[in-house]
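Chemist: Protein sequences, first through last, are from chains P and L. With the working numbering, letter number 6 in the first sequence gets 6, and the count goes up by one each step, no holes. With the working numbering, letter number 285 in the second sequence gets 285, and the count goes up by one each step, no holes.
Since the hints were derived computationally from the structure, they do not count as laboratory data. Check before you lean on any hint, since a few could be wrong.
[Claimed, not checked] Simulated DEER-style distance windows between Cβ atoms: (1) G139(P) / L86(L): 39 to 47 Å; (2) S40(P) / F114(L): 16 to 24 Å; (3) M359(P) / R218(L): 48 to 56 Å; (4) K132(P) / F114(L): 38 to 46 Å; (5) A197(L) / S117(P): 36 to 44 Å.
The beta carbon of each residue, even a glycine, is placed where N, CA and C say it ideally should be.
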Amino acid sequence: MSTYAIQLKDASKHFGSVIAVDRVSLSIHDGEFFSLLGPSGCGKTTTLRLIAGFELPTQGDIYICGELQGETPPYRRPVNTVFQNYALFPHMTIFQNVAFGLEMQKVARAEIRQRVSEVLEMVRLPGMGGRKPSQLSGGQQQRVALARALVNRPRVLLLDEPLGALDLKLRKAMQLELKELQRRVGITFVYVTHDQEEALTMSDRIAVMQHGRVLQVGTPEQIYEQPASRFVADFIGETNFLEGQVKGRRGSEVAVVVDGVLTLHVPAERAVGMEDEVTVAIRPEKISLHAEPPDAQAVPGVVEEVIYTGTDTRYLIRLTGQTIVTVRQQNVAVGSSACFAPGTRLYLRWQPESARLLMA
Amino acid sequence: MTHIRSRREALRLLFLISPSLFWLIVFFFVPLLLVFAISFGERGTYGGVRWVLNLENYRRFFDPLYLRIFGRTLYIAAATTIICLLVGYPLAYFIATRPPRWRNAFLLLLMIPFWTNFLVRTYAWLLILRDKGLINTFWTGSLHMGLLQLSRLLPLPIWEPLLRATANPLTLFGTDGAIIIGLVYGWLPDMVLPCYAAIERFDFSLVEAAQDLYANRRQSFLRVILPMTMSGVVAGSVLVFIPSLGAYVTPDLLGGAKSIMIGNVIYSQFMAARDYPFGSAVSFVLMAVMLAGTLIYFRTGRE
Numbered sequence: 001m002s003t004y005a006i007q008l009k010d011a012s013k014h015f016g017s018v019i020a021v022d023r024v025s026l027s028i029h030d031g032e033f034f035s036l037l038g039p040s041g042c043g044k045t046t047t048l049r050l051i052a053g054f055e056l057p058t059q060g061d062i063y064i065c066g067e068l069q070g071e072t073p074p075y076r077r078p079v080n081t082v083f084q085n086y087a088l089f090p091h092m093t094i095f096q097n098v099a100f101g102l103e104m105q106k107v108a109r110a111e112i113r114q115r116v117s118e119v120l121e122m123v124r125l126p127g128m129g130g131r132k133p134s135q136l137s138g139g140q141q142q143r144v145a146l147a148r149a150l151v152n153r154p155r156v157l158l159l160d161e162p163l164g165a166l167d168l169k170l171r172k173a174m175q176l177e178l179k180e181l182q183r184r185v186g187i188t189f190v191y192v193t194h195d196q197e198e199a200l201t202m203s204d205r206i207a208v209m210q211h212g213r214v215l216q217v218g219t220p221e222q223i224y225e226q227p228a229s230r231f232v233a234d235f236i237g238e239t240n241f242l243e244g245q246v247k248g249r250r251g252s253e254v255a256v257v258v259d260g261v262l263t264l265h266v267p268a269e270r271a272v273g274m275e276d277e278v279t280v281a282i283r284p285e286k287i288s289l290h291a292e293p294p295d296a297q298a299v300p301g302v303v304e305e306v307i308y309t310g311t312d313t314r315y316l317i318r319l320t321g322q323t324i325v326t327v328r329q330q331n332v333a334v335g336s337s338a339c340f341a342p343g344t345r346l347y348l349r350w351q352p353e354s355a356r357l358l359m360a
Numbered sequence: 001m002t003h004i005r006s007r008r009e010a011l012r013l014l015f016l017i018s019p020s021l022f023w024l025i026v027f028f029f030v031p032l033l034l035v036f037a038i039s040f041g042e043r044g045t046y047g048g049v050r051w052v053l054n055l056e057n058y059r060r061f062f063d064p065l066y067l068r069i070f071g072r073t074l075y076i077a078a079a080t081t082i083i084c085l086l087v088g089y090p091l092a093y094f095i096a097t098r099p100p101r102w103r104n105a106f107l108l109l110l111m112i113p114f115w116t117n118f119l120v121r122t123y124a125w126l127l128i129l130r131d132k133g134l135i136n137t138f139w140t141g142s143l144h145m146g147l148l149q150l151s152r153l154l155p156l157p158i159w160e161p162l163l164r165a166t167a168n169p170l171t172l173f174g175t176d177g178a179i180i181i182g183l184v185y186g187w188l189p190d191m192v193l194p195c196y197a198a199i200e201r202f203d204f205s206l207v208e209a210a211q212d213l214y215a216n217r218r219q220s221f222l223r224v225i226l227p228m229t230m231s232g233v234v235a236g237s238v239l240v241f242i243p244s245l246g247a248y249v250t251p252d253l254l255g256g257a258k259s260i261m262i263g264n265v266i267y268s269q270f271m272a273a274r275d276y277p278f279g280s281a282v283s284f285v286l287m288a289v290m291l292a293g294t295l296i297y298f299r300t301g302r303e
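Model the full structure from these sequences, guided by the hints.
Modeler: This is the structure in structure tokens:
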């Protein structure tokens, strides 16, 4: 009846007086790479544990492949988990670790042997079956954890910050490898991470969480380009926030006055009233800098600081008395990259749709 | 250069361990050798040792009388160890899985009875188990009377065997069971503490991993928790089995005249019979068995 791999309906989890997960509703499609993204303590891991069955919801329902889970224990759910610390069994060999789930499901010996060697091949650890987890590197242990879950061919794979313990380079490589693997095996991945870049790189869709609530669900592009709230805009990437009041309306645009002097015209996707306190969010890379005013929409400013960061240069530009924005310019040309020295008066310009109107 | 250095370090090491080395040699190793030497001797007419070299004492140990006592000793020590394990492991598991602030309180509760002298505590068991003790006072007293009154209220045939059973005291004192009760009581903390240490160190996220991989509670315990806390089980079992094997006070007080253990044999040879050579030989056989048993146990435990 449904093509959803996972559905949460108003699921909440309370620990005493602490509300870890607050009325979360999610529908995750079959075969989707779905990320739960948020800062630590936002409830993303608890949400994953609710799906796995390690915690039972205080309220609400959880469906896996259309079936209501209720109080089904973890060992009867058609999901497998890759744990943050891998949780490999240290007293067992790699083969025994990977074979564990199949043994518990009473799969025949010969089939276990074959499936384990297949999956070890898949995660590029062939011939490692006889070793103990302690004899492997962090990256290899990570792959064993993955193999141990995948060998069971679960409908849904739950991953709790699986790359958190790896160094940056290995992590980047594993991100691509995981994504490629997911596409190949076609299993639904529910991926918990606090790393926004990781989520953007790998996910088909992302749910951004804060204080136990889901703030926004969307594709990486939607989340980045059309953040629904100030928190989402701030958490994903870098954003300039300009606070002001709604002073006028012209067609689909509203005029927002910042610091009483600067008027910005912003597309209004939501209903706002006159005099409402609002925030205008603009990504630093969406702003272009001009020595002369290119049109009437351009906003004047003074360069405060210039920071060279290799691939691009960041300018801190003062617009009015209190408001400073960051502008990022790619260093396309070689040579004296700082085209604008500190103290230079210049003009800022952006596409109207680049600016997002958020409630203050 | 490195040679001199390592030699100096060796000297320093020797200096550091010399007090304990001295202690072990003078008060442990030399007496042990003495006992070993005596075990080949002969009892003098008025006690004492006649220094001859014979194996008579060891041959005498294999007399059916002593073998039977030794067999019983092994059985009592094994039963004590198994009961300690069956009681101690769940208790250790319970304590180790409480919130940290409760754990020390529970451990303290476990230790408090052991601040009382061992002899006094063993004697207390005597008061509980003997024919006119606590249990039998209830058995032949309140219980018997109660059943009697019930049988008058409800005259049914089922009361007859119960009344007959409670008419006489239970034989508790002077049995192997009494010794096992006393030993379990005495050595339980020695089982609980190593098990607790192993379980407390255990990472319970591994249980979640096992359950995630379709293992139910029983399978998670047998396949993950138990193997990973085996070090505590092995250590605790050795710590209970060895002293139980050599027990003397408990069988002396609770075993009465009938049920004696090898420790009582050794005692009586040294004290009553004044047969030092035979006492020494029995001691050495006991030590050899303990050593062999421990080695085998640790080896299989490592597997």
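Chemist: Now, for every hint given, state plainly whether the structure supports it.
Modeler: Now the hints, each set against the structure:
1. Between G139(P) and L86(L) the beta carbons are some 43 Å apart, a value that agrees with the proposed interval 39 to 47 Å.
2. In this structure, S40(P) and F114(L) break the distance hint of 16 to 24 Å, their C-beta atoms being roughly 45 Å apart.
3. A hinted range of 48 to 56 Å holds for the C-beta pair M359(P) and R218(L), which are about 54 Å apart.
4. For the pair K132(P) and F114(L), the supplied restraint of 38 to 46 Å holds, since their beta-carbon distance comes to about 39 Å.
5. About 38 Å separates the C-beta atoms of A197(L) and S117(P), a value consistent with the hinted range of 36 to 44 Å.
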